[in-house]
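Participant: If you want the building blocks of each chain, they are given just below.
2 protein chains.
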Amino acid sequence: MKTDWGTALLAAMFIASGSVWAYDGPVEKKVFALPTYTTAAGKTIRNVRVGYETYGTLNAAGDNAIFIAHFFTGTSHAAGKYQAADAAPGYWDPIIGSGKPIDTDRYFVISADTLTNLNTKDPNVTTTGPASINPDTGKPYGMSFPVVALRDSVRVHKALVDSLGVKKLQAAAGASGGSIQAMEWAALYPGFVERVIHVIGPGFDIHPYIVELLDVWVTPIRIDPKWNGGDYYGRDEPVDGVANGLKIVTITTRHFGWAEKTFAYRWADAARNPADATGNLFAIEDTLAKAGVVRAKTTDANSMLYTAKANQLYRLTDDEVKAIKAKILFVPAQSDLIFPPELSQRAADRYRAQGGIAEVAVIDGDGGHLDGVLNVAKQGEAIRAFLAR
Amino acid sequence: MKTDWGTALLAAMFIASGSVWAYDGPVEKKVFALPTYTTAAGKTIRNVRVGYETYGTLNAAGDNAIFIAHFFTGTSHAAGKYQAADAAPGYWDPIIGSGKPIDTDRYFVISADTLTNLNTKDPNVTTTGPASINPDTGKPYGMSFPVVALRDSVRVHKALVDSLGVKKLQAAAGASGGSIQAMEWAALYPGFVERVIHVIGPGFDIHPYIVELLDVWVTPIRIDPKWNGGDYYGRDEPVDGVANGLKIVTITTRHFGWAEKTFAYRWADAARNPADATGNLFAIEDTLAKAGVVRAKTTDANSMLYTAKANQLYRLTDDEVKAIKAKILFVPAQSDLIFPPELSQRAADRYRAQGGIAEVAVIDGDGGHLDGVLNVAKQGEAIRAFLAR
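If you read the protein sequences in the order shown, they are chains A and B. The opening position of the first sequence corresponds to residue 1 in the numbering used here, with each subsequent residue numbered one higher. The opening position of the second sequence corresponds to residue 390 in the numbering used here, with each subsequent residue numbered one higher.
Think of the hints as simulated: they come from the structure by calculation, not from any bench. Be a bit skeptical, because a hint or two may be false.
What the hints assert, rightly or not - BS3-like, lysine-lysine: derived pairs with alpha carbons at most 30 angstroms apart:
| no. | chain 1 | residue 1 | chain 2 | residue 2 |
| --- | --- | --- | --- | --- |
| 1 | A | K226 | B | K615 |
| 2 | B | K557 | B | K686 |
| 3 | A | K322 | B | K615 |
| 4 | B | K686 | A | K261 |
As the list claims (entries may be wrong) - Per label pair, the in silico range of CB-to-CB distance:
| no. | chain 1 | residue 1 | chain 2 | residue 2 | range |
| --- | --- | --- | --- | --- | --- |
| 5 | A | A159 | B | G623 | 55 to 63 angstroms |
| 6 | B | E748 | A | K261 | 23 to 31 angstroms |
| 7 | A | N228 | B | D551 | 53 to 61 angstroms |
| 8 | A | R272 | B | A659 | 26 to 34 angstroms |
| 9 | A | K139 | B | A429 | 52 to 60 angstroms |
| 10 | A | D276 | B | N436 | 19 to 27 angstroms |
Claimed, not checked - One side only, chain A facing chain B, incomplete, derived with CB under 8 angstroms:
| no. | residue |
| --- | --- |
| 11 | R315 |
| 12 | T317 |
| 13 | V321 |
| 14 | A323 |
C-beta: ideal position from N, C-alpha, C; glycine also.
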């Protein structure tokens with residue numbers, strides 16, 4: 001019974017809700033390649049490849065596209081299923097599809113894997129990062145891979161979007177780290193992006209509190225001796241560090257209410273009282289630890305370190321904010337402990353003060369930050385209406 | 390300049406504010422010993438010793454005592470200085486002393502080290518825990534030490550208080566883990582405890598969200614290979630795990646506002662842009678990491694694991710809550726992300742519903758959970774008035 005409950009819970013936690021819906025077109029993973037890419041900080045990377053998916057059809061004018069950027073642990077699988085037998089559709093499927101708020105009957109939707117995507121061992125992910133082969137050495141880069149910002153993923157994705165014949169984005173959208181990329185789109189390409197849908201985002205810069213929390217997320221990796229300064233490819237990998245880091249990601253992106261409803265004060269095993277032995281755990285400890293182990297199987301440690309850094313580097317200059325022309329919809333989650341709604345409100349006020357158009361639509365609930373991934377459909381109609389303005 | 394700034398900041402972060410004040414009586418560390426103690430879970434420990442301090446004088450009736458219980462990383466050094474040259478007085482000195490809210494002209498104040506206190510290498514701390522010598526083997530217990538709850542520290546402290554001739558506590562008080570012990574005093578000894586001053590506390594039970602966060606605090610220790618299942622005494626100790634655990638304690642017991650005011654988006658070194666290399670850090674990362682290393686010097690890894698467990702085990706039964714007779718003052722901190730004010734409000738409502746007397750006085754500010762340690766004086770007059778009721 002314990003195992004069944006744990007398995008069911010894992011499914012409930014990490015698979016997008018609303019799996020009765022699914023974008024009904026064929027979903028196919030494709031790969032975009034650039035012979036070279038030079039980062040915003042001036043480092044050149046050869047053989048850059050990122051995976052991407054599209055839903056819907058680009059119109060003749062090339063101006064009905066929407067780009068969906070993914071969050072920290074996410075991938076380009078935003079909607080639909082690859083095969084009918086898939087356990088779940090992409091994470092934002094409840095709002096992407098025929099007749100849904102991001103309506104694939106009207107829009108051509110594109111989503112792509114970031115550089116340094118965490119999920120290097122997921123066969124549906126293609127990324128370029130520390131686990132990629134350095135063409136100069138024939139070996140994985142490891143920590144010799146250049147530092148990239150989320151802005152760099154956006155610049156690669158702009159080349160992808162151009163290659164598809166897109167002339168204008170009706171919106172750049174994303175949750176969390178994806179919301180950062182969406183805002184970068186608007187800052188880097190002001191004439192190209194009509195709207196930003198900034199879901200559970202920080203606004204125009206990362207907060208110093210979260211700079212540190214990102215460091216905490218990857219702290220277990222650095223301590224794991226198998227990490228070995230990032231040199232572990234082809235050996236025993238720092239799975240323990242990754243699993244524990246992902247465990248910390250989970251609890252910090254949730255909220256008190258979620259923990260209370262999901263776990264209460266239950267023990268992991270009714271026959272093993274935590275008061276009796278140090279190894280006797282509470283249900284929340286046991287389940288989050290096991291979930292971390294499962295998720296670690298597809299995650300690369302160095303890529304998690306690089307992605308933490310990429311998020312820490314998000315900070316638009318005053319001039320960059322002033323250059324943004326897009327209408328912005330901020331969609332914070334009420335119980336978000338990572339990017340609380342006040343950050344969205346602050347950014348909306350700042351944007352209005354410079355004459356921009358900003359709206360704020362709050363996702364209610366007590367699921368924490370992850371409500372922007374799992375319960376985004378609560379503001380689905382706000383998103384639909386925003387796209388029509 | 391960088392080093393000076395870091396040192397100054399460490400002082401500002403970890404030394405109680407208000408150091409111009411100091412309890413002006415002599416502060417002397419004493420030790421209380423019990424030949425044996427049997428835990429609430431039924432395990433017997435021999436040669437139990439805990440350090441304690443007292444401020445003020447017990448009256449003839451033995452009924453003017455106040456017990457101060459300490460927080461997770463704290464010690465019995467609640468007020469005053471051992472020597473004039475001490476860098477700072479005890480952590481709650483702003484509210485304990487002659488003429489202060491906990492007035493040592495009127496009250497006899499006692500504070501004692503918990504069992505499994507973290508600071509085993511602080512010469513002013515005496516505790517019994519996994520770093521203590523097991524009289525059966527002549528070697529440190531390590532992970533063979535029995536699990537203890539905070540309730541067990543309270544039961545040992547009751548024996549201490551009895552040994553001093555105390556007949557009644559005017560109050561049991563404490564911040565965070567200390568607030569838990571204060572409530573345990575009232576639950577275990579309802580006729581003995583007149584009042585509870587529950588500062589930045591969880592109410593009558595630990596929240597499942599914090600059960601997991603306590604696990605996160607000690608996660609780096611478990612991953613550090615030098616921890617070695619708790620068997621490291623006399624060898625190279627898991628200092629890295631402890632330092633990183635304490636770093637996580639610091640950020641999670643703070644708040645966005647504190648991070649913004651203290652660090653903003655500054656780099657650790659103005660000449661080393663974090664965008665240029667993975668090892669180039671932000672100021673908040675660098676300072677918290679260094680502070681963790683400093684604090685790790687006096688901290689025992691296993692004791693941190695045991696104290697996390699002791700906190701996880703706090704949960705009064707309905708009958709225990711109903712048995713409490715004390716008046717309770719809840720003093721949450723407005724920006725607390727560990728035990729948010731709602732938890733105090735919920736507990737106060739519950740206590741009033743059973744006919745108890747409960748008050749709530751909120752510490753304003755954006756310092757997070759630690760406001761209950763560093764800025765408790767903001768509600769000093771509420772504490773003074775509560776003691777007079």
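Participant: Please write out, lowest number first, the hints stated earlier that are contradicted by the structure.
Facilitator: Those not satisfied are hints 2, 3, 4, 8, 12, 13, 14.
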